[in-house]
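Student: Residue-level listing of the chains:
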Amino acid sequence: MIDCSGNFNTENLTKQISSMDSKQTSFDEHEAIHALKHYLPEQAVLKDFIHQNTLHAFQKQKFFKATRSASAILGYTVSLGLREYRRLYHAGKIRKEILERVITQRKSPALIPAWTEIVLQKKFDSPPPPRIGSLRSNWKRFYQIDLDSLVHPLLFRILCSYLDQGISMWSFPAGKDGFLHSIRELERNSLISFFRRGRARKLLLETSCNMKDLLHMVVEHESLYKQYLFDQQFAHQGWSGIVSVIEDHPEMLVDHRVISLHDLIVFELLLEIDALDYTVGEDWVPLGGAITNRPVDLFEEVPESELHDVLEIWQTAYEWSYYDEVLAGIQLSAQGQTQGPRTFQGIFCIDDRECSFRRYLEKLDSKCETFATPGFFSAEFYFQPENGKAYTKVCPAPITPKYLIKAVGSSLVPEQDVHFTKRAHHLFAGWLITQTLGFWSAVKLFINIFRPSMGPATASSFRHMDRFSSLTIENKNPEDRENDLQIGFTIPEMVQRVEGLLMSIGLVRNFAPVIYMVGHGSSSVNNPHYAAYDCGACSGRPGSVNARVICYMLNHPEVRSTLRKKGIDIPETTQFMGALHDTTRDEIAFYDEDALTPANAEAHKRNEVIFNQALDLNAKERARRFVLMDSRVPAPQAHDRVKLRSVSLFEPRPELNHATNTLCVIGRRSLTQHLFLDRRAFMNSYDYRIDPDGKYLLTIIRPAAPVCGGINLEYFFSRVDNQKLGAGTKLPHNVMGLFGVANGIDGDLRPGLPSQMIEVHDPIRLLMIVEHYPQVVLDVVQRQAETYEWFINDWINLVAVHPETRELFSFMDGKFVPYHVLTTRLEEIADVTPKIESTEDNLPVYILR
Amino acid sequence: MNSILNYFVLVPIVGFALSLIIPRQHETLISRVSFVTVGLHMISFQIFLVYWLWNGHPVLDTKDFVVFKAGDYEFFIDFTFDRISAIYVFVGSFLTFLVTIYSRIYMHRESGYKRFFNTILFFYVGYNFIIFSGNMETMFIGWEILGVTSFLLIAFYRDRYLPVKNAVKVFSIYRIGDVGLLLAMWMSHHLWHENITFIKLNNYELVHEHLQSHTWIGVFISLMILVSAAAKSAQLPFSSWLPRAMEGPTPSSAIFYGSLSVHIGVFILLRTYPFWEYQTSVRIIIALLGLSTAFVSTNIARVQSSIKSQIAYASSAQIGLIFIELAAGFETLAMIHFAGNAFLRTYQLLVSPSVVSYLIREQFYSYTPHQHTFEDTWPKRLEYSLYMLSVKEFNLDSFMYRYLWNPLKMAGRKLDFLTFNRVLLIFVPLYLVGLYSVYNKDIVPDNLEHVLPLTFSLIACILVLKSFTERKQARMSWLLVIMTHFWMALAISFNENFTFDQIHLYLSGVAISGVVGFLCLRRLKNLEGNIDLDMFHGHSYHHPKIALVFLLACLAATGFPISPTFIGEDLIFSHIHEDQPALAIFTSLAFIVDGLSIIRIYARVFLGPHSKSVYEMAYRSS
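Protein chains in written order, with the numbering used here: chain A, 507 to 1355; chain B, 6 to 627.
Careful: at least some of the hints might be erroneous.
Said to hold, decoys possible - Label-pair distances were calculated between CB atoms; the ranges are:
{"id": "1", "chain 1": "A", "residue 1": "Thr927", "chain 2": "B", "residue 2": "Tyr12", "range": "38 to 44 Å"}
{"id": "2", "chain 1": "A", "residue 1": "Asp631", "chain 2": "B", "residue 2": "Tyr444", "range": "56 to 62 Å"}
{"id": "3", "chain 1": "B", "residue 1": "Lys550", "chain 2": "A", "residue 2": "Gly787", "range": "31 to 37 Å"}
{"id": "4", "chain 1": "B", "residue 1": "Ser616", "chain 2": "A", "residue 2": "Glu590", "range": "46 to 52 Å"}
{"id": "5", "chain 1": "A", "residue 1": "Arg593", "chain 2": "B", "residue 2": "Pro549", "range": "19 to 25 Å"}
{"id": "6", "chain 1": "A", "residue 1": "Leu813", "chain 2": "B", "residue 2": "Lys530", "range": "47 to 53 Å"}
{"id": "7", "chain 1": "A", "residue 1": "Gln837", "chain 2": "B", "residue 2": "Pro549", "range": "48 to 54 Å"}
{"id": "8", "chain 1": "A", "residue 1": "Pro619", "chain 2": "B", "residue 2": "Lys550", "range": "38 to 44 Å"}
{"id": "9", "chain 1": "A", "residue 1": "Gly787", "chain 2": "B", "residue 2": "Tyr444", "range": "49 to 55 Å"}
The hints are simulated quantities; they were obtained by calculation from the structure and are not laboratory data.
Idealized CB from N, CA, C, for every residue including glycine.
In isolation and in its complexed conformation, chain A is listed as follows (with noise of 0.2 Å):
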């Protein structure tokens, strides 16, 4: 560590650094940018929220492993407290048996009551302080200047002008060809100049900024570069990481700018010495020649103290004592699967925001049945409305699809509101519009606050796709291509892609009359969040158009004919329907109503009405964990109360999203039929009956694994520390440039989720369920590096069920290992209504009668 004194002997530093230098391999820029790339946030622009793990940047290692050391070295808060721990342990969450199992696996039974203490009582100093920053604050050290004060404010201001998507009236004048050739242009035609002296300036005009050259100006040891870089961009990892995610996906903006870590790095280290050569004058010396002693290199191994034993083990208790309660609700609710003809059939998005809604349904109408699937049905593409300046992908983030679908004939024209004009920011026009304009927003702001209504700022699931509009699905010229995209899909793309999607969920005989495709996405207002509402395995839209577009393809008479040579045979009188759930509001949508025949459409009305119920039912269950609702009043009521929520401006929290996702479970329906499981489970359905060899399986774990993981980790960290991994509270939200937020005007931006969206959740990490043979889910999950990564390495827990007896299996350390549980039994009820009015904390698992 440094010198804390302050006193520094130069000669005996240099000869001490250099001889380090000799040592160490030489600063190369190339490796050094990637690695900061690589551990920056990866955050994609507000409009295309997709979320992922936060620590991505760790995944290689085991998870303790990984989040120890993350905490260590980027100073992130990894996991709850001590305190909490001990709480929820007081409270019951964290049950003792679990505790002492969890002590026994990796301590030993004998040690159960020593290490029953320490994790209960002992007191424990606070950890040494991260590495990171540790390096650059020798600055304010030596010369007692604040350099980030100094650089930040302005360096934020010019690359958020650079990028601006369209709220500056002035956008930067100076070509879009690189950041640093543009400040450059700039710089060159101008009486004035962003930095405060001529060097840093000349510098900037006269040379060609080779990195190297300024980090020897600035840190002079180049030992020292690599480690002076993180710590300059971790000041500000907001800014950094949009940066680094735009120069890898330029197409994420419409408007589209060229930008490069290198260049944000380079001009910053110019401000850099352009802010020293303002304060201390030109004849600074450079950090590296300050220094005492060399920080310790942050990728060093960080040793594991007797503290992060102690919250791995909480961690570990704490998980199980939920996992344990889910897994015994599974082995103790078995019961037949119902059989005879169905009523209807649904298939839902495996989001967990759809299980009660599925729940409702099967109650209301016990001879319905309701599977799910990733939410873009299997059909991949790009959507295109009509008059849309730009394509927008509707599928999972990972594909890359070749396919365009259009909507034409659209009647749907954006509306406008002129509040948000920007001319009531020019002087004149100004002028006018507040003298007029201005007395009518507060009669605007009267009736938003009094009767809030659905307005043209509202983020609507509704609006994606026009549902009057007409979809170009089907192709039948491969020549008909835009943009290197064939626009819609040929008959036997469109076989492959449907029996894909009936195969995996198990959907293949015993068809109902009408079958809906059920997408989902919400609504919110005074929302920049809006995005990571919508359906994720839709990069962040609304389901429909993959809705509509997956029933034309299953109603095609010559995809049925083909299906039916390959045995499944879908009767003629099965209709496919397409619709939207939106889960903020609980409505539905159903589209190409007209396409039913006379039977198929009398079926419907009655099945609207059981939708309609459940709706009802479901915003009621919905509305126990909204603390400022009374969830006691009947269902539609309560049901009117979640609407007026959604476009309310002062509503922070339109839906809960996925908090307390903790569950991914991947087989029949039969498996968690009869359970409550409180909104907290992905399920994708599946049946190992017609997969034998894990065929289907793997197209499901292989998205499942990053969506579902990726979601529940976002979640977990941003819960556990959401000032640094997180947004923090949205209150004082500002928007930047369209593509981000930030606190006030000139801070950092927010990567991650804002506290009003993780508050209610627990940070566990998701529990993988799959119903099959053990060794078929081993070969399954292990036929994959990046997909076998996320169990090897503990960021997703995995159980397999013993298809035929419900035996439990425990993924640990590369096997399956038989797991019992500990919970003997669990509350039956017939309803879960006098619950859900009975609190909003989670409710334990109770089996359904």
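Once you have looked at the hints, place chain B on chain A.
Tutor: Same frame as chain A, but now just chain B:
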């Protein structure tokens, strides 16, 4: 009808007091008290308004009570009501009412829920004090309340670095406005020889008669009023504080910096309009200030790429236009413009998070690669220069540092040789000698007595500068601040012969708060060890109670209207003669820096990220 004015001032005070005693877990009760207070105020005011209009909208005035009287000096509370107040109360109560309802749900579960509503209600108290005030003294009470509530709301997220930094920044600008008002009050005492009410300013003959013989005094008073108006309303050269104040929860930014607080500068000009109406030079200056702000702020607004700063600068530009309208004599237009601008900006700020979904959608359907602006036709050099200048906010933010704070700091650094012990050894005995000679003035030679006030006020300045630049010991900085007040009192004692009661009144508040503050710091130092001023410690995180007591001590010491020092400050100034500009400058400089130094101690010791909980705190830059 006159006495009803008391009611309108009293209602928010009662509501505020009530809200203080509710325990912080009772969210509903807290918000209900705020909502009922402001709602009751709004509705009763609207009924009153109809009645008042029906009765021919007379100008009301009530001299409430005399707080302090000494010779011809009289400090009294006076309320007045006319159409200017009518519009300001109407807009203010309406917006505050809506914002309290808005925040009831918006702030739900936020730690600091109670603090938020307390501050909003306190703000509302101050607002009504200003709007209903019938003289400058009464207005000054509200003015101080507004300053402090602004500080508290900007630093609402007190365990982050930037809100605290910006709160101190905004406070320092407000402090300049305070002193502007103090000097204006000082000079008007000499002009009118009484504590003049606004209503008397409407008397053309009276004003005309007084100003004729004292033209420069009139100009001085008007300019000081203009300085405080410009500071409060974000006009040049102070404009850059406005966007930086947007650190609190959105509704508080909306009501403070979008609408009410920022238009108080306009209000002061409206109030004193009859006074400067016939001073052509002043009207030209006001118009020019408005014009240049309109130009500069519009340009800055146009390049802003964050939504709140864009609204802030656009609003500041409109206020520039309001200044022009006022200077041109269009009072009514200015009032309409104020109301429209307040409503529009409040609404725009409240819906600002919606801008993402709205504009992205608009962009999706009507994107054109390059938006042309009229600057495109200019020569490149001019275009780029103006653009870069606008991005740098015309250097307004660094301007204040470069020309005001940095020179002060540099001057303070020159005093580094004064260690704590030296300060005690030199200035305490010296003070005792001074004190002795005040009581025995005959021992002081006459020619010496003339230079003593100036010398002593200079010493006060030196001490406060030393306090302001002290990097280490918080307690020393605090003691220096308190000593400053004592030296100022000594200086004034030599300036004029008056009873010591006044000095005692002034010093009583300082002395008590000085002791309390010192004990707080000592206790904290014992508990935590390091409370040096070279960094933020954030001790309110673990010691909220000490933080609160210390804050009260700070307020009392800065002459906030909870301590007698408040009246004392005004009183002190009244003993500086109009031909003593140097003494006035030293005294007011000491007042400015004194406030800054005190708030700096509070911010450094109690606010910012808690230095001992690194892992729980947000990044400094966020």
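Student: If a hint holds in the structure, say so; if it doesn't, say that too.
Tutor: Here's how the hints hold up against the structure:
no. : hint                             : in the structure
1   : A:Thr927 to B:Tyr12: 38 to 44 Å  : holds, 41 Å
2   : A:Asp631 to B:Tyr444: 56 to 62 Å : holds, 58 Å
3   : B:Lys550 to A:Gly787: 31 to 37 Å : violated, 46 Å
4   : B:Ser616 to A:Glu590: 46 to 52 Å : violated, 22 Å
5   : A:Arg593 to B:Pro549: 19 to 25 Å : holds, 21 Å
6   : A:Leu813 to B:Lys530: 47 to 53 Å : violated, 29 Å
7   : A:Gln837 to B:Pro549: 48 to 54 Å : holds, 50 Å
8   : A:Pro619 to B:Lys550: 38 to 44 Å : holds, 40 Å
9   : A:Gly787 to B:Tyr444: 49 to 55 Å : holds, 52 Å
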